[in-house]
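Visitor: Work out the full structure, taking the sequences as your base and the hints as a guide.
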Amino acid sequence: MADSEDSLFWEDLFEDLKERGLRGVKLVVSDGHKGIQKAVRESFIGSSWQTCHVHLIRQVLKKVPKKKQKEVSKK
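Counted from 1, the sequence shown has number 42 at position 19 by this note's numbering; the numbering is strictly sequential.
In short, the hints are calculated from the structure, not lab data. Glycine included, each C-beta is placed from N, C-alpha and C at the ideal position. Certain hints may be false.
[As the list claims (entries may be wrong)] Estimated spans, in silico, between C-beta atoms of each pair:
hint, residue 1, residue 2, range
1, L45, Q92, 35 to 41 Å
2, K90, E38, 42 to 48 Å
3, R81, R43, 28 to 34 Å
4, L40, I80, 34 to 40 Å
5, K91, V48, 21 to 27 Å
6, K89, G44, 44 to 50 Å
7, K91, G44, 45 to 51 Å
8, R64, K93, 35 to 41 Å
Guide: Structure, rendered in structure tokens:
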């Protein structure tokens, strides 16, 4: 089983997609794992990477006290 945190895993996956015709990637949206970010920089030169909105919200809510999370997540 490959380590999905490893940039080589993602580089291999992206290379496979390119071999099957993927072209013109402008933006990759994912969670914040460093391996994905590195693979995007190396595999899709000139493209941008962005944190997934859902993952960003989860990360922010982890910093909010439990009793305030429901209130904060509504806004």
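Visitor: Does each hint fit the structure? Answer for all of them.
Guide: Structure-based check of all given hints:
no. : hint                  : result
1   : L45 / Q92: 35 to 41 Å : 38 Å, holds
2   : K90 / E38: 42 to 48 Å : 47 Å, holds
3   : R81 / R43: 28 to 34 Å : 31 Å, holds
4   : L40 / I80: 34 to 40 Å : 28 Å, violated
5   : K91 / V48: 21 to 27 Å : 39 Å, violated
6   : K89 / G44: 44 to 50 Å : 47 Å, holds
7   : K91 / G44: 45 to 51 Å : 47 Å, holds
8   : R64 / K93: 35 to 41 Å : 37 Å, holds
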